[in-house]
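Required output: the full structure, derived from the provided sequences and hints.
Number of protein chains: 4
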Amino acid sequence: MDEGTDGQEPRTTEETGPVVAVLERICEELAPRREGQVSDFIPELAGADPNAFGLAAVSAHGRCYSAGDDEAAFTVQSVSKPFVYAMALEERGLDDVHAHVGAEPSGEPFNAISLDEQGRPENPMINAGAIVTTSLIRGEESRSRFERIRAVLSSFAGRHLSMDEDSYRSEAGTGHRNRALGYLSMAGGVLEGSVEEAVLDYFRQCALNVTVVDLAVMAATLASGGVNPLTGERVISRRTARHTLSVMTSCGMYDRAGEWALRVGIPAKSGVSGGILAAAPGSFGVGVFSPPLDHAGNSVRGVAALEQLSENYDLHMLRIPSEPPSPVHSMTRAGGTLDVHLRGDIDFLAAEQVVSRLAEAVDDARVTSVTVELERVSGISQAARSLLTAELDDLDGAGVEASMSEPAVINEDSED
Amino acid sequence: MDEGTDGQEPRTTEETGPVVAVLERICEELAPRREGQVSDFIPELAGADPNAFGLAAVSAHGRCYSAGDDEAAFTVQSVSKPFVYAMALEERGLDDVHAHVGAEPSGEPFNAISLDEQGRPENPMINAGAIVTTSLIRGEESRSRFERIRAVLSSFAGRHLSMDEDSYRSEAGTGHRNRALGYLSMAGGVLEGSVEEAVLDYFRQCALNVTVVDLAVMAATLASGGVNPLTGERVISRRTARHTLSVMTSCGMYDRAGEWALRVGIPAKSGVSGGILAAAPGSFGVGVFSPPLDHAGNSVRGVAALEQLSENYDLHMLRIPSEPPSPVHSMTRAGGTLDVHLRGDIDFLAAEQVVSRLAEAVDDARVTSVTVELERVSGISQAARSLLTAELDDLDGAGVEASMSEPAVINEDSED
Amino acid sequence: MDEGTDGQEPRTTEETGPVVAVLERICEELAPRREGQVSDFIPELAGADPNAFGLAAVSAHGRCYSAGDDEAAFTVQSVSKPFVYAMALEERGLDDVHAHVGAEPSGEPFNAISLDEQGRPENPMINAGAIVTTSLIRGEESRSRFERIRAVLSSFAGRHLSMDEDSYRSEAGTGHRNRALGYLSMAGGVLEGSVEEAVLDYFRQCALNVTVVDLAVMAATLASGGVNPLTGERVISRRTARHTLSVMTSCGMYDRAGEWALRVGIPAKSGVSGGILAAAPGSFGVGVFSPPLDHAGNSVRGVAALEQLSENYDLHMLRIPSEPPSPVHSMTRAGGTLDVHLRGDIDFLAAEQVVSRLAEAVDDARVTSVTVELERVSGISQAARSLLTAELDDLDGAGVEASMSEPAVINEDSED
Amino acid sequence: MDEGTDGQEPRTTEETGPVVAVLERICEELAPRREGQVSDFIPELAGADPNAFGLAAVSAHGRCYSAGDDEAAFTVQSVSKPFVYAMALEERGLDDVHAHVGAEPSGEPFNAISLDEQGRPENPMINAGAIVTTSLIRGEESRSRFERIRAVLSSFAGRHLSMDEDSYRSEAGTGHRNRALGYLSMAGGVLEGSVEEAVLDYFRQCALNVTVVDLAVMAATLASGGVNPLTGERVISRRTARHTLSVMTSCGMYDRAGEWALRVGIPAKSGVSGGILAAAPGSFGVGVFSPPLDHAGNSVRGVAALEQLSENYDLHMLRIPSEPPSPVHSMTRAGGTLDVHLRGDIDFLAAEQVVSRLAEAVDDARVTSVTVELERVSGISQAARSLLTAELDDLDGAGVEASMSEPAVINEDSED
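Chains as they are written, first to last, in the UniProt record's numbering: chain U, 1 to 416; chain B, 1 to 416; chain L, 1 to 416; chain A, 1 to 416.
Please note: incorrect hints may appear among the correct ones.
If the Cβ cut is set under 8 Å, some of the chain A residues that face chain B in the computed set are [claimed, not checked]: (1) A112; (2) I113; (3) R177; (4) R179; (5) A180.
Everything labelled a hint here was simulated from the structure, so no lab data went into it. Backbone N, C-alpha and C define an ideal beta-carbon position, used for all residues, glycine too.
Right, dumping it as C-alpha cells:
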C-alpha cells in the first residue's frame, strides 16, 4: 500500500476502454522525452525519479481514467494554492480577499519578492500571495488552521490526505525567502496574524501527499462547479469555483499565461514536484505527474501531455461548438395556441433565441395564447428567466395570453 | 448620414424587445459616471464628447441589439490589433507568426518599449507587436497591404470601413515612439520590410472609422468561429478565431488581464478612442463606446458595462453550466438489438458519456447488436468520432455486431 | 544640557571669524525654504521641527566651526551605515565583506527589496546591505555587538553617543520590511547568524543620538584618513577610510549618485531624520541637519547647503588645482655635484617630476654625483620611493654616483 | 606609417626610464590573460587581434610614456561620448544640456532602451544619451556638425583624427537599435533636429581612429582642467572638465560604477573596441587598448591595468595625502610687524589654515601690523581670497593694520 493513500481503499478507476487507451498512448509517446531538471531546492524533491510519469482524467460525470504511474505519491507543493485561495474566498468574499492580494500575472518567477503598487502580492498563485491567503484562513477551537486546510483539500480529493513530514521539515529549515515574503506582506499591511505561523502552515499544505488521480479528482471538482463528482459533496460554491478557475487562467502557469492560453487553454496549476492539475470547465479534470521541469518551472512532460489533450480532445476553454444546440425541443401550434417545450440548460443566449422565435411566431400568425413548458429543462439561469418573463409580459401587454409552466423542482442556476 | 457608414444602408437592428431593454438599462445606469480622462495624444481624440456612450450586442445567430449612441463613428485604434493578428495567422501560420511576436501579457503599458528575451515584442496586442504583425502581411499586385487589411476588417464588420484622414495624419506626424518600436523590432530581427511603411500602415488601420454596432458584429464573427453571423461570410478559420480569442484573453486589456478574467471573463480588446470589443465564444459579440479612460487606458463605462453583462447575463467564458445536456436522445432495446440515437454537438466529453453508457448497457444485458444513429447530431469532433469508433471496434472484438449510421451530410467539427 | 551630549563637556567650537560667517550666511539664505516633507515612518521622526537647521564643518587640522541649531540632537539613522561598513572592512577585509554585499548604486529606493545576481544586497548603504554588514560584526565576551558598534561610532564622533530608546522601540515594533530584507539576505546566503538579532542591532545603531557637530567630526575623521582630528585617535586605517569614501561616492545619496557627483562631488551619506554627513578628502568634514526631505529622501536644505559649499568653497573631489606645487624645493649645482631638496608630500606624480628634472639636469651637464635630500618632505608613498630609487639606480648604472638622504623619521605613506 | 596618424609626425614619447618600465611591467604581467570576448557587433570589430595590448600615460606636465602596442589604431567608439558631452556643455550650458539628458547611472546595459521619468536618456555615457548630446551640437556654415566634433576631438588628442569609413558604413547599415533610441528620445521631446542625421553623426564620431597615446593625451587634457598639456591649447573650460569627469565617475564604466570607484577611483570611459581612457585629476591621463571584453563590456586587460595603476601609483581620486602641505612658507615677526609669505595653491582649506594661524599669532602677541605676501603663490581661489580678505578686515576692525601684497599677475583660480 502506497503511503499517499493513507490506509484507505483505492478509488475505482477504469482499467480498460478507449479513454484509458487515449491516456496510455500519450504516456507512451512522451515517456522518451529527456529534457528538464528535477527540482533540487530540498533533498526530498531532488531524490525524485525523473522517469516517473502518470496521467489521470476524471469526467464531470465522475468517471475516472488513468495511465502510467498513477499510484505514485508526491508532495502537492504549489498545486495547493488554488484550493487555499478558494477557501479564503469562501470565508472572506472576493473583495476582502483581493484587498489583501492582487489578481494579475506577475511576469516574474513564482518566488518573486515584489508587491504591487497597493502593497499586495501580485496574485494568489505566487508564494507571497499563497502565504497571504493562508494567513486569511482562521483556525477553530477544535481544529487548527492547518487541519482545516487539510480537510478542505481532502474533500476536493475525496480522501484523507497525509503530510510528508520530511519535506515539511526541510522547507521549514531552509525557507528563509518565504519568510522574507511573509514579512514583506506584513509590512505591506496585507498579512494577518503571525508571519512565522502563516509560513509554517504554507509549508505544511505544500507537503501534503497526492497522486495524479487525486489531482484529477480535485480538478474535476473545480470543473464541476465545486461539487466533487465522485463523492457528490459540494466543497465550494459555483461562484468560488469560477473565480478560482479565472485566477488559474491568468496566473496558474507562472509566467507562461499567454502561451498556455494559446496552446492549451485549460485553467491549470503546476507545482515544483512535477505535478500539474488542469480543469476544463463542465468537462474534465486532469492530473499529470513527471518531475523534470522546464525553465519556467513547469513539468516538461506534463505541459506536453496537456497540449495534446487540448489540441486533440476538445478541452480548450475557448473552443467554439459547431452550432449551439437549440433550446427549443418543440414548438406546436394548434389553432391560436402556441405550445413551446424548452430543453437543456437555458442560459441568456438560449433565452434570447426563444424570445426571438416567439416574437417571430406571434408576428407571423394569429396566436392568442402561448405556453412555455420547462419540464425538459436541466437548469435555467436567473438572467434567462428574467428575459423570458419580460417577453411573456410583453406578449400579455400585446393581448396574447402568455404563461410559463414549470416542474416543482428546477435547478435555479445560481452560483452562490 | 454618419461618416462612419460610408454611404451604405444601415444594418437592421432590433428596436424594441427585452434584450434591447437590458442594454438600455445598462446605458441609463452608467451614463452618470464621470471618472476617467479622454485621451489627448492626438487632437482628433482630444475633441471627443466625454458623454458619448453606446452599447451593442450581436448574437451568434445573427440578431443585432443596440442602445445609446449606436451610430456615432470613432476611430478603431487598438481594437484593430486582433484582426491584423488574425490575418497574419491565416497567412503565415501560428508558429511563424510567433517566431516574430510573443504571446505573454507584458505587465507594462501598451506602448512599452521592450522586447522579450528572444527579441520579440511581448505580444500582438501592444503597439510594438501590432506593428510587427502588420509587417508580416504582404501587399498584392492589385491591392496595397493597407487595402487588404481594410478589406478584412470590413468583412469582419460586414460593411466597408472608411478611414479618418485627419487622425491618420496626426499620428503619422507625431508617432515617433511607434517608429522607435519599429526600429527596435527591426534590430531584434522580427520586423519585415520597411519600418516606416509598417508604421504608416499601422497608423492607417488605427484610423478606420467604426460604430459600436460594427464592433459587436466584428466580435460576433470571432465568437462564431470566424463566420460573420450577419453576412454568412467565413472571414477566418475556426482555429484562427480560437487563437485570436486566446491572445485577447491574456493580452487584450493592457495590464488588467487577471482582473478582467476574474470580473468579466470575456475575451476583449480595448482602444484609446474609448471602444471595447468583447467576444463570448459561441454566444454574443459586444461593442461599447465611451471616451473617458481609466488609468490602464480602458474605457471606464465600457469596463463597467461588460462587468454587468458578464455578471448578470451568463457571458463569462468559465461559467459552468448546471448540468451538461445528455448527448443520448434515446436508447432503445428490442431483443438483443440496442438502438442509440445521439443529438446535439458531440465532443469528446459527450462521446465519453456515450461510450460509458454503451459499455454499461452491453455489460448488463444480452446484447448482440448495437447501432449508433447520428441523424440528430449537429456536429461531431474528430476526437469524438475516434472514441466512438474505438468503442464500436471493441464491441465487435467482443462479439457484438456494432455500427454507426450517419446522414450524408454531417458537420465534421474541424477547425481548419 | 542637551540629551545628545550625554553628560560630557561640549566641544570647543569657534564662535566667530570668517569661516563661521560663511556657515551663518548659508544658514540665513536657506532657512526660508519650505519644500520637503518630514519623515513620518515612526512617531519619533514625525514630531521633528521642520524649521530646525544646523550646519557644522571640521577641518582636517581639527578646527571646528558651526552655525544654526548646532546643539539639537537627532537620531543618526542611515548616516550610521558607512561607519558599520568601515567596521566590517576592518574586521573582515574588503574581499570578504564584498562576498556578502555588492558595491553598485541600486537605482532603487533605500528600502528596495532586491538582491544582485550573486544574491547580495546591492550595496552597504541601503537597508538590506547595512543589515548584512551589521551581521558580519562579532560580539565579544565583554561587550555585545551593539556595544562595539556604539564604541566605534563614538570614537568617530570623539564623544560617547547615547541611544534614543523610543525610536528604537518604534522601529523594532514596526520594521517588518527590514525583517523581510534580513530573511531575504539569509536566503541569499550572505547574512550571518540570527536575522532578528541583526535587525535589532541595526535599529539600535540607527537610534544613536547625534548633533551636526558630531556628524562633522565623524566626517572629518573619514576625510583625514581615519584619524579623528580632534582627539588624535586612529579609528580606522587610511585604506578603510578610502574604501568607505568610495562607496559613499557611488551609493551614499540614494538614487542621486550622478547628480550628486555633478553638482556636489563630496562623498556623503544622508539619513531619514534629515542629517547629511559629507567628507571632502584631506580637507573638511561637514554635518548638516534639517528634517524636511525631498523625493529621494535627502534633506532639502542639507542638499542645498552642500551644493553651495561645493560650488563656492573648493570642496569638489574632482576640483583640479590651478597648478600642482613643485616637489622640488631647490636644485643646486656645484661643480659636478647636484644637490636636490624635495618638499611636501611626494606621490607618484611628484616623483615622476623629480625623475624627469633629474634626467634633464644630468643630460645637460657634466654631473658626476647626485644627492636627493628628503628632510623637508612630509610624506612619501611607496610608489614614489620605488620610482626615485629606480632612477638613482639608472644613474649609478650610467656612472653617476647617486644617493638619497632622509631623516630618521619619515612618514611612509602607507594606507594600512 | 600607421593609418591612425593620418600623415602627421608621431609625437615624441619617452622610450626609456623608470616610468616606462612601470608600464612595461604591467603589460608583461597582464599579456597572458585570456578571458573576455572580442566584440562582434560589426565585422570591423570582430576582426580585432585579441592579443593586441597597449598602455600609455601622459602627465599633467605633458610628459608622455607608453608600452606595448602603442601605435595600433582602433576606432574610438564610446570613448568619444565624454568629449561630445563636453562640447554640448560648452555650447549650451549645464542646465540646458541636462534638460535633455539625465546624469544618473542607469544600472542597465549601454544600449538600454529606457528613458527616465522626465523623458530623458539616463545619462550621456549610454548610447541614447550620446545621440541626444550629438543632436544638441550645431553645424556651422563652413563646417558640418561632424566636422566640428572631429575638430574638437582632434584638439583633445593634439593631432588630426581620421575616420574609419568601413566601420561607419557597417554601423550605419545595421544600427537600427540606435535609430530606435533616437526616435524614442525624439518622442520624449529631448532630441533636436533629425533623428537620422544625429544617429549618423554619432556613428561617424564612434568611427574615429585613435591610439592609446591619443587616449592618454585626451585624458590628460581632461585631467589638466581642459588644457592639452602637449599643445598648450585650452580645449574646454576648467568647469566643463570637472563636469565631464564627474559624469565619467558615475556613468563611465557601464554598470560597474561602484566597483570602479572602490577598486580604481579614476574617472574613466570604456569603448566596445577595447579602449579605456582614464583621467586622474591634476595628475595623469591614461589610455589602454586590448580588445577582449568582460560581461559588462569593459576591456579585461584594460580594467586590470587600471586597477594596478590605481592601487600602486597613487591615482585614486579619493586618496588622502598623509598631511596637506602647509600654505605658510614663512611667518616672521619683527617688533609689532608680522610678515607672512604664502606658497603653492591657496584653496579654501589653505586659507582657513592661514586665517587660523594669523588669529593665533595676533592673539598671542602685540602685533600692530600684518602683511600677507602672495608672490610664491601658484594660484588662489575666489573662496580663499574672500576668506583672507574677511580676516584682514576683521584685523583692521580690531586695530591691526593688515594688507595683502600680490604680484601683478596671479592665477585667479576660476573655472570659467
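For each hint, the structure was consulted:
The interface hint given for A:A112 is violated, since its Cβ lies 10 Å from the closest Cβ of chain B, which is over the 8 Å cut-off. Interface restraint check for A:I113: the shortest CB-CB distance to chain B comes to about 5 Å, inside 8 Å, so the restraint holds. Hint on A:R177 holds. Least Cβ distance to chain B is approximately 4 Å, under the 8 Å limit. Given hint, A:R179 at the interface with chain B, holds; its Cβ is 4 Å from that chain's nearest Cβ, closer than 8 Å.
A least Cβ separation of about 4 Å between A:A180 and chain B falls short of the 8 Å threshold, and the interface hint therefore holds.
Comparing the model with each numbered hint stated earlier shows that hint 1 is the single one that does not hold.
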